[in-house]
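Peer 1: Since chain A is already given, all that's left is putting chains B and C on it; use the hints.
Protein chains in written order, with our numbering: chain A, 1 to 288; chain B, 1 to 233; chain C, 1 to 348.
Among the hints, a few may not be true.
Claimed, not checked - With a Cα cut of at most 27 Å, we get these calculated DSSO-like pairs of lysine-lysine:
id: 1; chain 1: B; residue 1: LYS115; chain 2: B; residue 2: LYS198
id: 2; chain 1: A; residue 1: LYS86; chain 2: B; residue 2: LYS115
id: 3; chain 1: A; residue 1: LYS279; chain 2: C; residue 2: LYS226
id: 4; chain 1: A; residue 1: LYS90; chain 2: C; residue 2: LYS226
id: 5; chain 1: C; residue 1: LYS226; chain 2: A; residue 2: LYS286
id: 6; chain 1: B; residue 1: LYS198; chain 2: B; residue 2: LYS179
id: 7; chain 1: A; residue 1: LYS90; chain 2: C; residue 2: LYS227
id: 8; chain 1: C; residue 1: LYS227; chain 2: A; residue 2: LYS86
To be clear, the hints were calculated from the coordinates, so they are not data collected in a lab.
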Amino acid sequence: MTYWIDAVLQGVLVGGLYALFALGLSLMFGVMRLVNVAHGDMVILMAFIGYITTQTLGLDPFSAMVVVVPIAFVIGYALQRGVLNKTISKDPLRSLVVTFGISIFIQNLLLEYFSADSRAIYSGGIEAQSIQLTDGLAAGLLPVIILATAVILTFLLQWLFGATRIGRAFRATSDDHDAAALMGVNNAHVYAIATAIAIGILGVAGIYHGMRTTFTPTDGPVQLIYAFEAVIIGGMGSFWGTLAGGMLLGIAQSIGARWDPGWGVLVGHVMFVAVLMFKPNGFFPKTR
Amino acid sequence: MSVLLSTHKLKAFYGDFQALFGIDFEIHTHEIVAIIGANGAGKSTFLKALTGLLQVDKESVFYKGENLGGCRPHEIVSNGIAMVPEGRRLFPSLSVAENLKMGQFTGREGRWTLKQIYALFPILEEKQDMPATSLSGGQQQMVSIGRALMSNPELLICDEISLGLAPIVIKEIYAALGKITQEGLTAIIVEQDVGTAKRVSQRLYCLQEGRVSLQGNSDEVTHDEIAHAYFGD
Amino acid sequence: MNSYSANSTASMLSSSTDTFEVQRSTKAGMITLIISIVLLGLSISMPFWAGSSYLRLFTELACYMAMAQMWNLLGGYGGLVSIGQQAFIGIGGYSLFVWANFVGVDPFTSVALGGIIAALFAVPISQLVFRLPGGAFAIGTWAIAEVLRLVVANTYVLGGGSGASLTALRGIDRATRESVTFWIAVAAAFGSVLLVYMLLRSRFGLALTAIRDSEVASRSQGIDVKKIKFLVYVISSFGFGIAGALYFLANIRISPDAAFGISWSPLIIFMVIIGGAGTIEGPLIGAILFFVLSKIFEDYGTWYLASLGLLAVIVTIWFPKGLWGLVVDHFDLRLFPVQRRLRMPENK
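Same shape as in the complex, but just chain A (with noise of 0.2 Å):
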């Protein structure tokens, strides 16, 4: 019995990284429909930006973070703002395509300087702590310390999107964006505003990421995958419906593991298309 309750609880524990990926990907559709094909390949952008910050800064990966997640922030707001602006309209192909060679243009670069070899980000032995939960169950520290950034960052998006006055507005130009544009509402600047915390995100999830596992620069999709399916499962619009998401996500992948080590992901798949089967709305869908 232990054995299975160590497998939901590692598999929460990873649904915290999930669920930080996810975010952004969930919050870029919430406010522009706009669905980022290169969203994985910016969590290893990220991790490999970390990566050269706590190298030649030597920084420790947390403050690394207080460097990286500006650049990111920088970056989202400048990707927006310079090109994705000008795919957005009804129809989804420019988007994507867009996104799609955004994609392989950061793999293929990332390729380039850094080779194919994995590397991790040297966490200073915080990843071999752990809390010592009952007799057969301990978590780690650092997948406890994701899931709680994860936690908290998912309250801070949704009180910013419920409680401020960027937040009406992200969802105002969601509703309507010319409506939005005649209050005011510059929407060029709030999609950049959107895709910058999107990413900033990632700049903290990248980190994580480079601390947790071994990467290279071909990651990228599969974290996008991931990350889509924890969307799809938590429910579309709802912040708390991604972390959840991510935790259901990361669960099955768990136990899956546990049964037969080669089929953790795809437990993890199936999951997602049983979703989409029997309910495509996700676990969470918005009610209004």
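Peer 2: Below, chains B and C without anything else, positioned relative to chain A:
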């Protein structure tokens, strides 16, 4: 009274299709001007050009001593031109209070605050936490007008605010609008109903196929003139 | 050329009763037909005079042409932007191996079966991915391809992660194998163009164009948008199945990563976009261009791919009609007359 806004040979296009063929228009401070015309005459296009939803030549719109043509909508509303759009266009994900607060997005200061709007339309205070689109049509129109007022405009543009509303509600809405404009707001009113348009305005313009076919003082133009200006020969 | 009186339309445009002509063929169209027949003849005779290395190259090119054409039908005409059509390349490829190696159907017939199996799979898969809106549909199709990749990689009889060889080809001499494979490739390349051309000229094509212009308006005109999109998806998947089976017939070996891998998608989508989406000519030009470029820049792997990514971004934003769009804008040239153009007779 000084001219607040004017257009000079305003032309507007949707791609290759020309919708406006040189509109000359002016409105003075504290004036209420009505724009009438049949469907497709170019009324909505004209308003889109004024509010920046449709890009036009820089020199064709003149407002408070500046060329405003070609500005983006958010720049125009910051300059004090607010719009009550046709069909209300409330934000369904936002509550009544949040919709009203969206009007304040530009941060323009002035007499209109949430409190003032609630004083004008008390029912909105009662329903402030409800999703805006769950209200009745008349109440939604109040939200839309309140939202526009929240930006403390100098010029208020109302596009077909009586459309789809019961006569009694229309009366109520226009009564409120009368109260507002008596305090010195300038307004452009687009109306399908010629009677209402004449009653609430000082001057009116009639558009036909993208051109001004009639203009004059509202209490002087006759129904025959209007009928002629509406449909042409 | 057919012409008819279009009074109802005309009276809206002007009060006189002009007669418009609906023009459906162009001079260029006739030239295209002649060139196509010549090219087809040349292609069919190629195994008798060209070396086997050329046959292999052209087989590969033909696969790309068919795939690009099928993606264009789906994404360019149908508005269904999928980045997971490798699912059907993989299904086509693996079903070739199953039919030929296990069932004993001859490998060449198995290619056609690959298309049919892919179309059969497309039916339930469409029911899943069609639930996802717009951009999410794209990632959903990709996720499905990943699911299939993992399932196949975990299936021992299919060779697991390391894949399988087409043992059924033993006993067929090399010349026959190469020639027949090449002929199938020619059929696939020409067939895909012909299929899209015929589809677009039919009532189905009219409905498809209407949906692309306005889904809401089409629905109000009684067009069953869902059904049309479903059919486009299934037909495109059939084409991908054939092309996939053909590709792995020429390759002799298959593996889950090669068959279901994501690297197919950028290749095919960039071909269509850079050539010109929503035209028949665009994907052809794109496929040829990519084929040539990939052979020239083979040695610059990562830089080449990074540039392609960048090129796709630039073309999409600044030249959304692609290379073929530039040609059409400058020369008003249409090789495949699938559009209906209103023309005022010149003597009026």
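Peer 1: Please name the hints from earlier in the document that this structure breaks, with their numbers sorted from lowest to highest.
Peer 2: Violated hints (numbers, rising): 1, 2 and 8; every other hint is consistent with the structure.
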